[in-house]
Amino acid sequence: MDLAPVESLGYFVPELILGVAVIGTILADLLVRRKEVLAVAALVAVVLSMLASVLMLADTPDTTLFNRMIVHDQFSLYFKIIFGLAAFATIWMSMDSREVDQVSQGEYYALLLASTLGMYFMATSTNLLMSYLALEFVSLTSYVLTGMLRNNRRSGEASLKYLIYGGVASGTMIYGMSWIFGLAGTMDYAGINEALTTSSPASSLALFIGVVLTLSGLGYKIAAVPFHMWAPDVYTGAPIPITAFLSVGSKAAGFALLLRFFYPALSSLGDDGQWQALGGAGWPQIILVLSMLSMTIGNLAALQQDNIKRLLAYSSVAHAGYMLMGLVVLSDEGLRSVLFYLVMYYMMNIGAFAIVMLVANATGREDFDSFRGLAWRGGALPAAAMAVFLFSLAGIPPFAGFIGKFYLFAAVIRAEMYTLALVGALNSVVSLYYYARIVRAMFLDEPDGSEETVSLDWSTGGLVAVLTVGTVVFGLYWTPVIGLADRSVRFFLG
Amino acid sequence: MEIGLTHFLVVSTMVFLAGLFCVLTRRNAIGILMGVELILNSANLNYLAFSRYSSVNYDGQMFAIFVIMLAAAEAAIGLAIVLGIYQTFHTIDVEATDTLRL
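Protein chains in written order, with the numbering used here: chain A, 1 to 494; chain B, 1001 to 1102.
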């Protein structure tokens, strides 16, 4: 079913709510004197938007909107809920963050909501032009959010680096897209798929170049090696809530675009749930290499880090590698495990950054020393929660991260790619070392008396409690999430 | 000799490589942003050429217009960030602003 602009609006409610909220926040900033209202308003808008997505989950028909520019299907709804959750946690963290207090509140929340809206479009676009516009929408707002702390040198430097890497990556991406457009003669994903199904093998080299160049923009968004260089610097320089937002929201958005580009556009689905790459483009091999490199380089670099934000940045590069494993196997099972892992990753990673923010609020630093003896200077509960998040990130049972990794590895082993599974397993062992190092510093190292005490306030405590409970509960009972992920591996191209 | 699709593609590839070279060699932040503009314009040339020679509609032209618009937006944000960098570091040399390290 294809819908024209006016009929499309009914399926466009989550986006409309966010769009109105963006403008509303900017206007309200001029009128309201108590700026705390803006954060609450942004929080309400995100919840409403998420609610609209959840309500649509129950059996609305798949359809393309706005003359085939974007699509409404289960896959996009699943991702919209993840983006909503990420924005929700980010706004909550921002309300408690000392860093964010210094910035102009109206601009900050308007940009945050706009970035979330851009992510919605990244998950829904089914057209090369729309994909590019959505990616730039998210990128441009992220550059500004990263550089929000105006009198902080690190923040400015991070945003400059983000801008330069982002500009080059997205420029390279549209150059690659232009080759795909030239070969297929259309921007539409369904049209590209149709053209590639009937294409001659003579054009496969041009297609290969186009796909590799396009991958540079997508790989940059998910922070996969070798497009990850911006991540450590940007994660270190950005305000902590924004770091959390980029590491979860931006990465999930990148995966949404990546999945929709490679699966329904560049592959075709067989009857048995197995996909077939089209036109001799050979992209599964490239992703296989990227996946192994991301895991290995991310984990090895994380071993030497002294700044916790930087360590978590390299850990997020490694996690992009784990999730890419699900793309290599070319099966619905692999896709399902990527979708499932993103939810688990959301809880444990945002949780870890919330604790980093708590410590940074009290000490003004985020290096290893600020975590030394955390459990013995008032922060026993945050330290315990951090241990849960870190062990979950390492993939230790019975936490959520273990189940997520279990599904990914199961998909890889079922596809009989034993080398990839072995590399992934070895990497998980390596990662345990640096996660456990933080846990050891928090519990086993004695504080030398010079460190500030860290206490848990009600607001941050609430968020941390929810995320901890989620990490533990989904490690024991995950059936609803995997069921939803299973239902959501259903692309619609019209 | 008739000017055909191949000529346009060769020119656009040269512009793309020039842009990439510019990005990799410049130390001045503005110079790097100009390299990014070259990359974007090489893509524009490709879209226009493909649209002219092998497509039935105006999708390619439309893409090029959007790219021009976004390049302007990116330049605006880029220059604002570079200005902020200049105010804190008193230079826009990207090697001098490289303080985030291990």
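These are calculated hints, taken from the structure and not from any lab test.
Quick caveat: nothing in here was measured; it's all calculated off a predicted structure.
Certain hints may be false.
What the hints assert, rightly or not - In silico contact screen, one side only, chain A against chain B (beta carbon under 8 Å); selected entries:
1. L133
2. Y143
3. V144
4. T296
5. P397
We put the beta carbon where it would ideally sit given N, CA and C, even for glycine.
If you test the structure against every hint from before, which numbers come out violated? Result: hints 4 and 5 break, sorted rising.
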